[in-house]
Amino acid sequence: MAILGAINPMLTVGLEGGDKTWHLDDYGKRGGYSALKRILAEKIPPEQVTNEVKKSVLRGRGGAGFPTGLKWSFMPKEYKGDTYIVCNSDEGEPGTFKDRDILLFNPHSVIEGMIIAGYAMGVGTGYNYIHGEIWEVYKRFEEALDEARAAGFLGKNILGSGFNFELFAHHGYGAYICGEETALLESIEGKKGQPRYKPPFPASFGLYGKPTTINNTETFGAVPFIMNLGADTYLEAGKANNGGTKLFSVSGHVNKPGNYEVPLGTPFSTLLEMAGGMRGGRKLKGCIPGGSSSPVVPGDIMMDCTMDYDSISKAGSMLGSGAVIVMDETTCMVKALERLSFFYYEESCGQCTPCREGTNWMYKIVHRIENGQGRPDDLDLLGSVTTNIMGRTICALGDAASMPVQSFIKHFRDEFAYHIEHKKCLVPLDVQRAGSGFFKATV
Amino acid sequence: MLTPESLKKIDREIAKYPADQKQSAVMAALAIAQEEQGWLSSEAIECVANYLGMAPIAAYEVASFYNMYDLKPVGKYKLTVCTNLPCMLSGGVDAGEYLKSKLGVGFNETTPDGKITLKEGECMGACGDAPVMLVNNRRMCSTMLPEQIDKLLAELE
Amino acid sequence: MLEIEIDGKQVQVPPGSTIMDAAQLVGAYIPHFCYHKKLSIAANCRMCLVQVEKAPKPLPACATPVSNGMKVFTHSELAVTAQKGVMEFLLINHPLDCPICDQGGECQLQDLAVGYGGGASRYQEAKRVVFHKDVGPLVSMQEMTRCIHCTRCVRFGQEIAGVMELGMANRNMHSEIQTFVGRTVDSELSGNMIDLCPVGALTSRPFRYSARSWELSRRKSVSPHDSLGSNLTVQVKNNRVMRVLPRENEDVNECWISDKDRFSYEGLNSAERLQKPMIRVDGALREVDWSVALDYVSHALKDVAKTHGGEAIASLASPGSTLEELYLLQKLTRALGSGSVDFRPRRRDFSTDGKRAGTPWLGLKLAEIKDLDSALVVGSFLRKDHPLFAQRLRQLAKKSGKVSLISVAGDDPLINLFAQITVSPSDLSVALGAVLKAVAQLKSVAVPMGLESIEPCASSKAIAASLLEGEGGTNKRAIFLGNVAEQSAQAAQLHVLASELARLTGATFGFIGEAANSVGGYVAQALPTALNAYEMFAQPRQAYILLGVEPELDCHNPQQAVAALKQAALVVMLSPFKSQAALDYADVLLPTTPFTETSGTFINTEGRVQGFNGVCRPLGDARPAWKVLRVLGNVLALSGFDFDSSEQVRDAIISSESHFAGGLDNALNGVSISLGATANGLQRIADVPIYFADALVRRGLALQQTQDALVPAVRMSAATLAQSGIAAGSQVRVKQGPGESLLLVKADENVPAGCVRVAAAHASTAALGDMFGSIIVERA
Ligand SMILES: Cc1cc2nc3c(=O)[nH]c(=O)nc-3n(C[C@H](O)[C@H](O)[C@H](O)COP(=O)(O)O)c2cc1C
Ligand code: SF4
Ligand code: FES
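Residue numbers (this note's numbering), protein chains in the order written: chain A, 1 to 443; chain B, 1 to 157; chain C, 1 to 780.
Worth flagging that the hints you see were computed from the coordinates, not collected in a lab. Beta carbons are placed, not taken as given, at the ideal position from N, Cα and C, and that holds for glycine. Incorrect hints may appear among the rest.
[Unchecked claim] Some chain A residues close to chain B (C-beta under 7 Å, calculated; not the full set):
(1) R100
(2) G258
(3) R339
Make a model of the complete structure from these sequences and hints.
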């Protein structure tokens, strides 16, 4: 069980039972499905549901942080024919592992959230696209769906309300790009996960060309709580313009890596404490606060940040998916960037020229530097390659691949220069090795 | 080509999508075919394509795009180790090296006895449990320090 | 209309237009690779990035819809920097060896690199290498390292050819265009991918490295291969045709041509080209001078006419002959006292002759097809008979037009059909009659006489309904009779049924037409007043004049034709080629020129008059057939044969001003509906394989190596095979009349019950009889 702590939590309340308390009746005991029941019983008008979500200032937890209620209101009202909602559980952003735990330990919160969303937008069918590598989560979600169907929360005429909604799980098979919403739609359609150019946006041309709304797992999971607590209480749980609590996935050089649910606006230092502090009491060198695509922030600056969209962007990065990757002084920043660059090159879908060619070029250069083949002008070249990629591709992977390169060089330029000049790491190899703590078990 | 059981599983997936959107089941169908046969031969891919009424090359595009499909035969067990940054910081790369030396093969290679194929993986969305590795695309193993790795290898018969 | 500004120029565009559309209106060129006006938008090459006021980033012109008041800058610094950045990425992994690339000189990447490429490459890493692939004799994929991943070829297959043969496998920089596990590309339109490929990745295999683009002179021409009359650009080097490309004409072939049009040119220089006149002297054919040959012919013809009467002479022309040739041949024949002249060798039923109100044609303009709401095609192997006509129907079906097909084989036309009925050739008129009856019933009007006994099936009712939809309103509907319908023994019945169906539904109807001058032959009056193309062999003549036909392959009943030719005292053959068969029956061989070496006129299926000039000098002593016929007329001292140019001949037929032939009319007088009893016994279905359809394609080397050129097998459904006690895959003896052939038999569920599919136009079946009708199949 990797939900290790929380401050006045919602999504993770009462999950201590881990693998034993995910079932529908456990969820019921936690107040589950009461929001849905109330909405259907009191025949609350759909637009009122959407407005409630708007008021809560729930911002998308998938990375872009787009206001959820607003997104819902983009769906055409009197549309003849099928429309869809899709849950994005293709959690592939390095450092992010919150959706997996939500689906493992609290799948019904997402199911209820999606049913409510379906009701609010008058949508009859939903799909949950689940990351390929987490098979047991996919299985778990399918079981949960069966429970919900059996209980009459899914299917025709739900709880006698006349509202119909079906929900299915779609299993990915290993492609980070399918986290991008339009690539995900292509993938559900049985094609390569290649993002679509927008416009048209999914709200007008989505799954099978029909109006579609895509939200992240955590976003849907928050909806029942908003409906229960009321928008204002939910909003107050966080801070202005940053409604509610958020799950942060803390990984890297900390003593207790795991998920932590805290109100938006919680100081980073507090979160770090909850995660057991720095491994071996070492010093924070840098932190990637929002998943690998967000720019790295030097340790000292990070220590002054609070964990919310605005504060982090002030620090020159992004809250993104809330994946906090912690790096202490045993980290070789060149090696760290090399691995990330490899990832983006490997995961580029390959359709856009700048991303297909550029991600590979960047990796090759960083790889050379890491392996003592660096050239003096490489850093400037890297910089210029990133500017030739950013903002010129169909989807944001191009930008996602460029931002780490830019920020690592910006904040740790000396370390890169040292590498190029001395053809070796600034941080001695044995120190790096000790940092991972892998071999301490054997030595 | 595929067993009736597999075809039944595929039918169950097809049922999730609109009647005129059978192709949506191609990812699941390929996964099912691979589970049955160990890897995806072009015959298997074509069989899936025909079953879903799509062009074989369209099914091949999918099979070659997603990481977890194996277009070449693999060992009885496929071990995929995540070496991405968050895991690397907690020993993902070291775990890979450890496995290489124990098995005497590199990434994308199979042990001479055909038992284990070692692969380098991308983020599995389990960074908190690093080092993590995946057995045959299905079983996720957490905090794989040396002794856990030894235990796993002993257990894989 | 939206008002926008591009590079300071105001322009009005309809809503839904993209910046690229708008730019083309004002003539502002925006560099691009993946964009193509006939293909869906991919927006993947990113070359067309432009600056849009208020947009933080450059936007792809090909995919960005214009909005009112938009200000676009295609060459601002922001735009050009973005374009240059993309160009650098395109080039880092692209070989920089243009001088040795087959595309060199006509490469969009090369052209743009000049304008947008940087000087020295900043890319110091190893370049990508992509393995070459073999996808058949037409398209070369030898240099896939040059691919820039624009996916035009993939989209062409999916959207235009109707079959996805190429795909982009893998991802990231390892993305690779390929077929499924090394299969061949078999689409009859595949060559267009070569034109679409902006670089030297997909090239023409026959043309590869045979010439550099700047060595070629480009000449206009018109395709002789089907009734569409695709406009061609023929490229010539040292008086030899090196390559054939489409010449864009939106109303005819759009920007496409079929592989038949594109690759048949190899036949122009075939070893079988006839280069000197030949005369049979004591049994053997000898080369002689033109004067000798023509003298001989005129005497021989006069003799026959004197001793046996003019009617002892018969003339048969290929429907692919030029208007001028057809006109002079019928004039010559009639002057010799014979009314036995025809240009329809594959026809069987001529009972509409003399009953037609005018010249049979398509019934509407090709360009009007896209506006149809429903269409019914009767008796056609659509894709193989009419590749681009079928393509137009494919697009129609895509945008929700209801296209139905009633034919004799269930082959997939790669068209999203509304309904398909497949019947034995002997039931074709019954099937069409059923639709007619269903229409009458739906409209509750009297059922036309002769249809009492038929019971319309569900499909015929559905088709009837589709043809009635929006009747009287603005809905456009059409009925098309294909080659099978015209070759069938029921041609007249199908014609009258279709016209009746058109009358009741308010649809137009017409004939797709088999060959380049299927309409022109009527205009040229190359029609019998005595024996028609079938009778002239059924009742053997003393003398035959053959123009461009190879009767053993081109006639409805080759067995009968060859027998008649063998017994004749005189067979004069005007042809660009000498076939083995001809050496056997011809007494005089006069070398005439193919379409590339003569001027002439084709009138296509919509009545469009398309004149063309020769693109190179005649090979050897070959001469344009119109000249040969004219001189022959002179030598025979016949009046009205003094023409100095093919234009003068044309003017004698139609005025030089007319772009469309007059007198086009499909109406019939005095043919009534009477459905014959359905035949019993095995029925033959003869398709004309696409690459054996005329003398020129038969000799196209590359075309002859395609899947479509394999020796045709005998095809029957498993059930029919079982009834005949024959095992699939075995050798069978196929018999019609006195002739027989030994062939392999294949099971094919697309063949209707009780039928046997045995191709015509192929040497292996030349010994057989009628294309349709009874046939015997025995174990060999
Ligand atoms: C390359 C790329 C990867 C992405 N990966 C994910 C992901 O794994 N999970 C996710 O929820 N959103 C991901 N997104 C964001 C989605 O495109 C989309 O914005 C989000 O799912 C919307 O849900 P939300 O509004 O609830 O955040 C990704 C975007 C990009 C460009
Ligand atoms: S930016 Fe990269 S990943 Fe995104 S669509 Fe383009 S090529 Fe694919
Ligand atoms: S032409 Fe617009 S992106 Fe290729």
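So, going through the hints one by one against the coordinates:
1. Taking 7 Å as the C-beta cut-off, the interface hint given for R100/A holds, the closest approach to chain B being about 5 Å.
2. Hint status for G258/A: holds, given a least beta-carbon distance of 5 Å to chain B, under 7 Å.
3. The criterion of a C-beta within 7 Å of any C-beta in chain B is met by R339/A, whose closest approach is roughly 5 Å, and the hint holds.
This entry satisfies every hint, going by the numbered hints stated previously.
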